[in-house]
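Got chain G sorted already, so can you dock chain H onto it with the hints?
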Amino acid sequence: MKSGFTGPRRRARVTAAVVVGLSWVGGHAWAQTANYPAGGPKPPSWSSLPAWNGMWERDGDIVWDDRIAPDQPQTPPYNAEYQKRAAGIPNRGPVGPGMPNMMTMIFPMEVEINQREMLIVGESSAPRRIYIDGRLHPEDPLPSSTGHSIGQWKGKELLVDTCCIKDSTPLPGGGPHSDALHIKERIWAPDANTLLDEITVEDPKAFLKPWTTVKTFRRRPDWEPVEYDRQENDRDTPAGRGRGGPRAGGAEAPAAPPAPAPVASAAPPAAPVPPVAPTASASASPAPARSRPLGKPADVVALQKATVRAVGAMAWESVKISNVQRDPTTVKWVAATRSAQLHCTAAADGDDSVCER
Amino acid sequence: MKFARAAFLLPLASALCVTAGAAPASAHHSYAMFDRTKAVTLEGTVKEWQFTNPHSWLQLIVLENGTPIEYGVEGASVNTLIRIGWGPKTFKAGDKVTIVMNPLRDGTKGGAFVKATLPSGKTLSAGQTPG
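Which chain is which? The protein sequence lines are G and H, in order. FYI, the numbering for the first sequence is 0 to 356, going by numbering that gives the first Met the number 0. FYI, the numbering for the second sequence is 0 to 130, going by numbering that gives the first Met the number 0.
A couple of the hints might just be wrong.
When the alpha-carbon atoms are kept at most 27 Å apart in a straight line, the in silico DSSO-like pairs for lysine-lysine are as follows [said to hold, decoys possible]:
1. G:Lys208 with G:Lys165
2. H:Lys121 with G:Lys304
3. G:Lys319 with H:Lys121
4. H:Lys121 with H:Lys37
5. G:Lys183 with G:Lys153
6. H:Lys37 with G:Lys331
7. H:Lys121 with H:Lys95
8. G:Lys204 with G:Lys183
9. G:Lys204 with H:Lys37
10. G:Lys304 with G:Lys319
11. H:Lys91 with H:Lys121
12. G:Lys41 with G:Lys183
13. G:Lys204 with G:Lys165
14. G:Lys331 with H:Lys91
15. H:Lys121 with H:Lys88
Computed far set for chain H versus chain G, every beta-carbon distance over 10 Å [to be verified]:
16. Tyr30
17. Ala31
18. Asp34
19. Lys37
20. Thr44
21. Pro87
22. Ala92
23. Gly93
24. Lys121
Derived from the structure by calculation, the hints contain no laboratory data. Note that this is a predicted model, so its numbers are computed, not measured. A virtual CB, placed ideally from N, CA and C, is assigned to each residue, including glycine.
Extracted from the complex, chain G is given alone in its bound form:
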């Protein structure tokens, strides 16, 4: 009834609307206050959430894009202006906190999904939250290294948009980005033990075209997160604050004798080449006899895992095995990754593995 919007009643309604509006606007004005559209949050049901919770390990190399050959550069498709800005910045690789670097995941990540967010916790960077409860990006955002991420489900895929990444957060490789940086992701699980993240970095002010990659993660159901406190024993600081003194040996170590010269005279460079193990190892007590050779069906996986035990920080699924040679006590094989050809040796059961380039 239009007549109802006049007089004291109307004034009261307008006042109430202004008060509500002010509080609404006030909520928006503060960065990092949830910015829900009209109708408030729309959390997905618990039963609709995918079973992605748990630990995941990076598959492949510690690079932005495993699809690029090892001898090719991994640089953003900068325009001329940003090529100039990036020139001279030392390449710091694809690791470091913040987006999108952190998704390279040099160390494993933990994923937890609830009705509000998908939480991604790496071991060496700040956690990242992808809000899935219907909120929008903040209207007046506070930029951060991880940015502000919102996701929407499209079937079993999570489509993510990330904005509001700090100017000081470098792109993979260490280069700059503009304030137009947006990152789009498509996250899905092709099978129960694999998680894929197709990342598209868009920066129309800095790039000639979007910059994409696909990251692969492998489920590690029995792993727990391990603390990474880099301040614990850091010998790279000028003061050498780490335990045991600065990098170059113990602070209390006696000075080295001045003459390593006798070494050279005792062992001329033309000394005969030992066939396998360094001579010094021969003095170690022999390994106990191995009675459990690798079973044939498990050969490949066992050798993939033996390779990782020798190398570390690498998903066994990314290792390709070839040239397996066995004798009663040892097994030798070639392990190939995207960037390395490793010659590996282990006891017959795959224990005591050592790999060399």
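Structure of chain H alone, referenced to chain G:
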């Protein structure tokens, strides 16, 4: 890449060996400071095992010409090593161990872990993360 393999026996307790080697995984600093074409074998006595971040360190006492010399052998981070079978009790003070390391280029007494042979005869390796 193929590296020449040659062994040199030191006159006293330690031995030096040149072979193909790999450096431990690291996100923390470049491995340019280490000579990855060389692998030095050290026989010594553990002074202290620091199973720590960002890197682990084995403080090893090696007798050179009768003089005890302390080496700092740098390994990978705790989260990397514990997932390939290392731990806080991998070494204990007084253990006699054989270590292979890529030496520091500047000649100071230390290097990057390649592998260790424990008193039990078990071998632990710490390779280089690809990429």
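Here is what the structure says about each hint:
1. G:Lys208 with G:Lys165: 21 Å, holds
2. H:Lys121 with G:Lys304: Cα-Cα ~17 Å, so holds.
3. G:Lys319 with H:Lys121: 25 Å, holds
4. H:Lys121 with H:Lys37: 23 Å, holds
5. G:Lys183 with G:Lys153: 14 Å, holds
6. H:Lys37 with G:Lys331: Cα-Cα ~22 Å, so holds.
7. H:Lys121 with H:Lys95: 13 Å, holds
8. G:Lys204 with G:Lys183: The given pair, whose Cα atoms are some 16 Å apart, holds under the 27 Å limit.
9. G:Lys204 with H:Lys37: Violated. Lys204 (chain G) to Lys37 (chain H) sits at ~47 Å, over the 27 Å cutoff.
10. G:Lys304 with G:Lys319: 11 Å, holds
11. H:Lys91 with H:Lys121: Given that 27 Å is the threshold and the Cα spacing comes to 15 Å, the pair holds.
12. G:Lys41 with G:Lys183: 21 Å, holds
13. G:Lys204 with G:Lys165: This hinted pair holds, its Cα atoms lying about 15 Å apart.
14. G:Lys331 with H:Lys91: Since the Cα atoms of Lys331 (chain G) and Lys91 (chain H) sit roughly 31 Å apart, the hinted pair is violated (cutoff 27 Å).
15. H:Lys121 with H:Lys88: Distance ~14 Å between Lys121 (chain H) and Lys88 (chain H) Cα, so the pair holds.
16. Tyr30: The assertion about Tyr30 (chain H) holds, with a minimum of 12 Å to chain G.
17. Ala31: Label holds. Min Cβ-Cβ 12 Å, cutoff 10 Å.
18. Asp34: Nearest chain G Cβ is 14 Å from Asp34 (chain H), so the label holds.
19. Lys37: Since the minimum Cβ distance to chain G is about 12 Å, Lys37 (chain H) lies beyond 10 Å and the statement holds.
20. Thr44: Answer for Thr44 (chain H): holds, closest chain G Cβ roughly 13 Å.
21. Pro87: 12 Å, holds
22. Ala92: The claim holds: Ala92 (chain H) sits with its nearest Cβ about 13 Å from chain G, beyond 10 Å.
23. Gly93: 16 Å, holds
24. Lys121: Label violated. Min Cβ-Cβ 6 Å, cutoff 10 Å.
Of the numbered hints listed earlier, those contradicted by the structure are 9, 14 and 24.
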